[in-house]
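> Listed below, chain by chain, are the residues.
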Amino acid sequence: MAEQLPDAEELLAELARQMEGAIAFDARLIGIHSGGAWLAERLSAMLPGDHPFGTMDVSFYRDDYNRVGLKSAVKRTSLPFDVDGARLVLIDDVLYTGRSVRAALNELFDYGRPDSVELAVLIDRGGRELPIEPTYCATRLIVAVGMTLVLQRDPAARLSLALEAAKPQAPA
Amino acid sequence: MNHNPQLNRDGELHHLLTLEGLPRANVLHILDTAESFVGIAERDVKKVPLLRGKSIFNLFFENSTRTRTTFEIAAKRLSADVINLNIGASSTSKGESVLDTIDNLAAMQADMFVVRHAQSGAAHMIAAHLNATSRSHIHVINAGDGRHQHPTQGLLDLFTIRHYKKDLTRLRVAIVGDVLHSRVARSLIAGLTTLGVPEVRVVAPKTLIPTAASAMGVHVHNDMRQGVKDCDVVVMLRLQNERMRGALLPSAGEFFKHYGLTEEKLALAQPDAIVMHPGPMNRGVEIDSSVADGKHSVILPQVTFGIAVRMAVMSILGGT
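As they're listed, the protein sequences go chains B and S. According to this note's numbering, the stretch in the first sequence is residues 1 to 172, in order. According to this note's numbering, the stretch in the second sequence is residues 1001 to 1320, in order.
I should point out that these hints are in silico values taken from the structure, not numbers from a laboratory. Where hints are given, some of them may not hold.
[Stated by the list, open to error] Far from chain B, by Cβ distances over 12 Å, these chain S residues were calculated:
1) T1207
2) V1220
3) P1250
4) A1312
[Stated by the list, open to error] Derived lysine-lysine pairs resembling PhoX-like cross-links, with alpha carbons at most 25 Å apart:
5) S:K1046 with B:K75
6) S:K1265 with B:K71
7) S:K1165 with S:K1295
8) S:K1295 with S:K1257
9) S:K1166 with B:K71
10) S:K1076 with S:K1054
11) S:K1229 with S:K1165
12) S:K1047 with S:K1076
13) B:K71 with S:K1046
14) S:K1054 with B:K71
15) S:K1076 with B:K75
16) B:K71 with S:K1229
17) B:K75 with S:K1047
18) B:K71 with B:K167
19) S:K1265 with S:K1165
20) B:K75 with S:K1166
21) B:K75 with S:K1165
22) S:K1166 with S:K1229
In this text, a Cβ means the ideal position worked out from N, Cα and C, and glycines have one as well.
Can you make the complete structure from the sequences, with help from the hints?
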């Protein structure tokens, strides 16, 4: 299974190629924890020009709270720039149902009113349940239902992809 | 049979009744979640939608301003609807029993009760009643029961200590004053023990130390100077005159002379010691004004952290 997965570092380079020259010259990057936060940090360094990054944990805005609660430790959202009037790029590792992005958009608007928000993802695995589409996407990949595609980071900060069985959801 | 009525079958927190026996993982989960709520309070919009549409009843059978207010703010910042009931002034004074009051409020689709009561075990009894009558979807938070426990105060004290001291496993903590009547002390001692604080001291005159104090794993000091010596954290307690029966103390002035925290006594603690107080403070009785307002004091940050900790508890309970 593992050898069929694309190389995350190559995908990241492809995503940077797409974003370069296409995002606003003053665009700020916001990575969704945890995979998106790593990508935002890397892209902030890779992209020419000045593109500061922040990170966001959307747990307090998720729509499955009533089903699964607050299980794992929630990270602190940290946006070291003014959201009001800013041009933003939300960054996530895997786009699936679109619910995390919906939660991120809601949280974002509690910080202010951005001028524009784009979406950059490493992988689009289809299966959308909301009308949300990426602006930049390194690749599309079909993943079996019941499996989760996870971005991992080793101690040398090298990114890779892994497939895991999805955690069983509590009954609705 | 579930031996820990605050946890559900999966070991998740379902009610918060006491810090005694609450597993370390649950305590840390609350403290870590509270960290992210501290950030929420610094935004323009200080609300998150987690408990939207939920009804939280503040049931204060005993008076409180700070605790009730911080619970109310916490619930509102989670987008819940909050209903404050000063029960002392209503139904129970007309003869209604506590459990009848609970049944009526449950019939009004309550999702969570925050309970303060002068009787030890009140919140526990309410949780057991709800569990036994197939209404375990309603959560109970103990906001202080008699002399027994005040778990959210204990948690916010732990949060404050961790915030300023980081590593809890090499700390000396002194809890000074009316330990006998203090539910705050009982909760804090349990929490400090759970998180591995090696030395917890209680400092008070013999009349204000519970007989079982040493059984709680603490060191008992009757001399204040010895008690605070080399401590990293000094927690002052309020003299609870309203709970005292009989003459346990000669006078407030006499108490201040021996057990009041002054700059001179604080100088015996570590140079970077923090001073805490759960409030309300009696200046000049258990703490000198210059210490309460001094650079070692973290009494006001405790209040701010209290909101984040209560948001964490409510949002964790509401999700189980």
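> For every hint, state whether the structure bears it out.
Hint-by-hint comparison with the structure:
The claim that T1207 of chain S is not at the interface with chain B holds, since no C-beta of that chain comes within 12 Å of its own (minimum 44 Å). Once the 12 Å rule is applied to beta carbons, V1220 of chain S is consistent with being away from chain B; the minimum gap is 36 Å. P1250 of chain S, annotated as away from the interface, keeps every beta carbon of chain B farther than 12 Å; the closest lies near 49 Å. With a least beta-carbon separation of about 8 Å from chain B, A1312 of chain S fails to lie farther than 12 Å from that chain, contradicting its non-interface assignment.
Proximity of K1046 of chain S to K75 of chain B is assessed by CA-CA distance (about 17 Å); at most 25 Å being required, the pair is judged to hold. Note on K1265 of chain S and K71 of chain B: the hinted pairing is violated, with a Cα-Cα distance of about 44 Å set against a maximum of 25 Å. Between K1165 of chain S and K1295 of chain S, the direct Cα distance comes to roughly 15 Å. Compliance with the 25 Å bound is thereby established for this hinted pair. About 22 Å separates the Cα atoms of K1295 of chain S and K1257 of chain S, which keeps this hinted pair within 25 Å; it holds.
For the hint linking K1166 of chain S to K71 of chain B, the alpha-carbon distance of about 23 Å falls within 25 Å, and the restraint holds. The hinted pair formed by K1076 of chain S and K1054 of chain S meets the criterion: a straight-line CA distance of about 10 Å does not exceed 25 Å. Simply put, K1229 of chain S and K1165 of chain S have alpha-carbon atoms about 17 Å apart, close enough for the 25 Å limit, and the pair holds. Proposed proximity of K1047 of chain S and K1076 of chain S is supported: the alpha carbons are some 7 Å apart, at most 25 Å.
Restraint check for K71 of chain B and K1046 of chain S: the C-alpha separation of about 22 Å stays at or below 25 Å, so the hint holds. Between K1054 of chain S and K71 of chain B the CA atoms are separated by roughly 19 Å; this keeps the pair inside 25 Å, and the hint holds. Pair hint K1076 of chain S plus K75 of chain B holds up; C-alpha atoms about 21 Å apart against a cutoff of 25 Å. For the hint linking K71 of chain B to K1229 of chain S, the alpha-carbon distance of about 41 Å lies beyond 25 Å, and the restraint is violated.
Pair hint K75 of chain B plus K1047 of chain S holds up; C-alpha atoms about 17 Å apart against a cutoff of 25 Å. Of the supplied pair hints, the one linking K71 of chain B and K167 of chain B holds, its CA atoms being roughly 12 Å apart against a limit of 25 Å. Annotation: proposed proximity of K1265 of chain S to K1165 of chain S holds, straight-line Cα distance about 21 Å (limit 25 Å). Taking the CA atoms of K75 of chain B and K1166 of chain S, the gap is about 17 Å. The hint holds against a cut of 25 Å.
The straight-line distance between the Cα atoms of K75 of chain B and K1165 of chain S is roughly 20 Å, inside the 25 Å bound, and the hint therefore holds. With a C-alpha separation of about 21 Å, the suggested pairing of K1166 of chain S with K1229 of chain S holds against the 25 Å cut-off.
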